[in-house]
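Undergrad: What follows is each chain in one-letter form.
There are 2 protein chains.
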Amino acid sequence: MYSILKNGGVCSPKGFSAAGISAGIKVSGNPDMALLKSEKAARCFAVFTTNKVKAAPVLYDKAVLEHAHFASAVVVNSGNANACTGEKGYEDAKNMAEMVENVLNLTPHSVLVCSTGVIGHLLPMDKIEAGIPRLVEGLHENASEEFGRAILTTDLALKSMAVEIQTEKGTITVGGACKGSGMIHPKMATMLAFITSDIALPIDFFATFREKISDSFNAITVDGDTSTNDTCIMLANGVSGIRYEDLNVSEQEEFCLALEIVMKELAKSIVRDGEGATKLIELRVEKAESHEEALKMARFIGTSNLAKCAMFGEDPNWGRILSSAGSSGCNMVAEHTDLYFGDVQVLSGGRPVECDTNALHAVVRQKEYQVRLVLNIGNASASAYTCDLSYDYVKINAEYTT
Amino acid sequence: MYSILKNGGVCSPKGFSAAGISAGIKVSGNPDMALLKSEKAARCFAVFTTNKVKAAPVLYDKAVLEHAHFASAVVVNSGNANACTGEKGYEDAKNMAEMVENVLNLTPHSVLVCSTGVIGHLLPMDKIEAGIPRLVEGLHENASEEFGRAILTTDLALKSMAVEIQTEKGTITVGGACKGSGMIHPKMATMLAFITSDIALPIDFFATFREKISDSFNAITVDGDTSTNDTCIMLANGVSGIRYEDLNVSEQEEFCLALEIVMKELAKSIVRDGEGATKLIELRVEKAESHEEALKMARFIGTSNLAKCAMFGEDPNWGRILSSAGSSGCNMVAEHTDLYFGDVQVLSGGRPVECDTNALHAVVRQKEYQVRLVLNIGNASASAYTCDLSYDYVKINAEYTT
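In the order they appear, the protein sequences are chains A and B. Residue 338 is where the first sequence starts when you use this note's numbering, and the numbers rise one by one after that. Residue 338 is where the second sequence starts when you use this note's numbering, and the numbers rise one by one after that.
For reference, chain A alone in the conformation it holds in the complex (with noise of 0.2 Å):
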């Protein structure tokens, strides 16, 4: 059985502190220094970019864990992306984790770095050092919060929380903070998102840590735009001082379900939070090829302009729901396709059937619902996160000028 901890965050899992400061990169004042730092070396599991455009610490950072699968610490700043800097962009993301390793005293490459904010600006280095000596100083074990608010940009609401099961050997658990709104240069949205958990883990789990973040994180989508610094880090400290491979199987099966529940609930928190965002809509996509089909179709639907104007709009538009998981790239017959907002079906074999108007109605004016698309060719399925595409949007990211 698991339970969601109240209040929990990156902290929650033993052997983890944390801090949170203002340093001064933000013109608002607003906090915008963190780190994270496992008492032993932590078996660590990162995801980066698929950007051929890669910000300086994304680079770092696959450097750094092409040799080792281990980490001490992360150093996060926000307010400045440290992407497309060149080489002294990577000298600074570089730097940035070897003072954080001198004064913490650590082995080379244990560190790693985030930045987010602005694309195209040089690190403020003096705020940068100035900082880390203060952060280090504020480590603490409570500051789940503190971590998670200090890695916010544009984000609204603070994006953290932790999940502990009971095995026979004793608790693990699993916490995570992320941040993003779905932005870039300038409204600094970039994707970060850090898993932590006292459980030790095989290096060879890389493989299921990457499945949930297909099932997450890469599930999600606000407005289809790609960051240059999405990253997504765990942490696992072995601190509970149980061991993955000791686990029997279900209680392995319950572990991977807390960390999924975390990953996944984290991932719809950005989706809520997403610029303009009323609505979280899950998209649903059931009895598919497969799985990769069912998910990208999923996520497919959830970039259609037309489908998001239409749930702001709060009006059931099957017909563009239907078109774009046609144009998807994705296989599907449409004689064979059934679809529902909820649990109102609308669509049978792909023709309009009568159905409740007023009871659909109500579903599409809910703050949060599923449709759900049944291909009926297969055993797949896969949900994707999105959500509605709203005036508020385009305010946002048409009145900035840079």
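Hints are computed from structural coordinates only; laboratory data are not their basis. Here the structure is a predicted model, which means the values were calculated and not measured.
When chains are identical, the list treats them as one kind, so a pair holds in a single copy or across two.
Derived pair list, reagent style DSSO-like, types lysine-lysine, alpha-carbon separation capped at 30 Å: (1) K425 to K624; (2) K605 to K732; (3) K732 to K704; (4) K732 to K633; (5) K633 to K399; (6) K399 to K624; (7) K431 to K363; (8) K399 to K464; (9) K601 to K377; (10) K351 to K377; (11) K377 to K343; (12) K351 to K399.
Since the structure of chain A is provided, determine the placement of chain B on it from the hints.
TA: Same frame as chain A, but now just chain B:
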């Protein structure tokens, strides 16, 4: 030398007549049926939507053209897409074609059908049936505008043009009309395009036609949503007495250029009339590894909501352009990339350059301008055309309720 004909259209080439009437399919009473006829069977090329959900007329035309490479007429209705209408819809499309064949006394499978409008409703066949004799009766050779207007749905502007070229063997004319502002149900802006010419074309010219499609109608985007009814049909009837094979090489090139101009200008007229659009932007990718990659990247940027909102906000936001290019899946090296808004360079080798801010803002305040991304990794180029994403786009697509 080519010249653009004033008020030109599908009837400009010799041997074509057309008609447009109000048959009562649209509640507005606006023209909603059109007929295009060649005095002799014309070489016919057609390209259809890649959407897996294909409208009945698309399925019918594809079936006809599998066996025939000639057509004598195209009958079109607007106001109803005849999509997601099952077997009955297919029968209706077939009947519509056969009725025209009967009234015009043509051979079977010599008439194509196009529909555009609301998805999911059966065609009002009584109105169609009553309209066909009236269409045939109304056929005349100065009907370019009549035809062009009867195929429109939510379009604000007529989209029609023709180009004439002089060869040693005489005059050849290329005409065309299209409709579309980027939507499907409920605003009925499926893309339909009709190209006519009085040249005689060999069957293997289809490859050239497809190339031109890729650089014109397939190079535009309004909202990234591919309709169920997209169709581009070309009819070349040879009535000029000139065969393509008999032209010299430079005349052949000139004919291809004329065809390209007609197709590109018609395509751009769709973007200009895109829902809520206030600007037309050419996204040009240069020095890419291949034409396909250049076009794919240009189109990908053209669907970025972030980039499109910035265009609406008259913000020369290079970060959004570069980041979108990087996530297009095409090859690029950030450090080699240059970027221009109009003639103003903003990036050199992936890094911001000092530029004349006033000149830069003057560019993005224009109604139409070019954004040029120079990858410096190859020799291929391509352009895509997009419009901005405005409040009105959201308004048009959210306020309608089915």
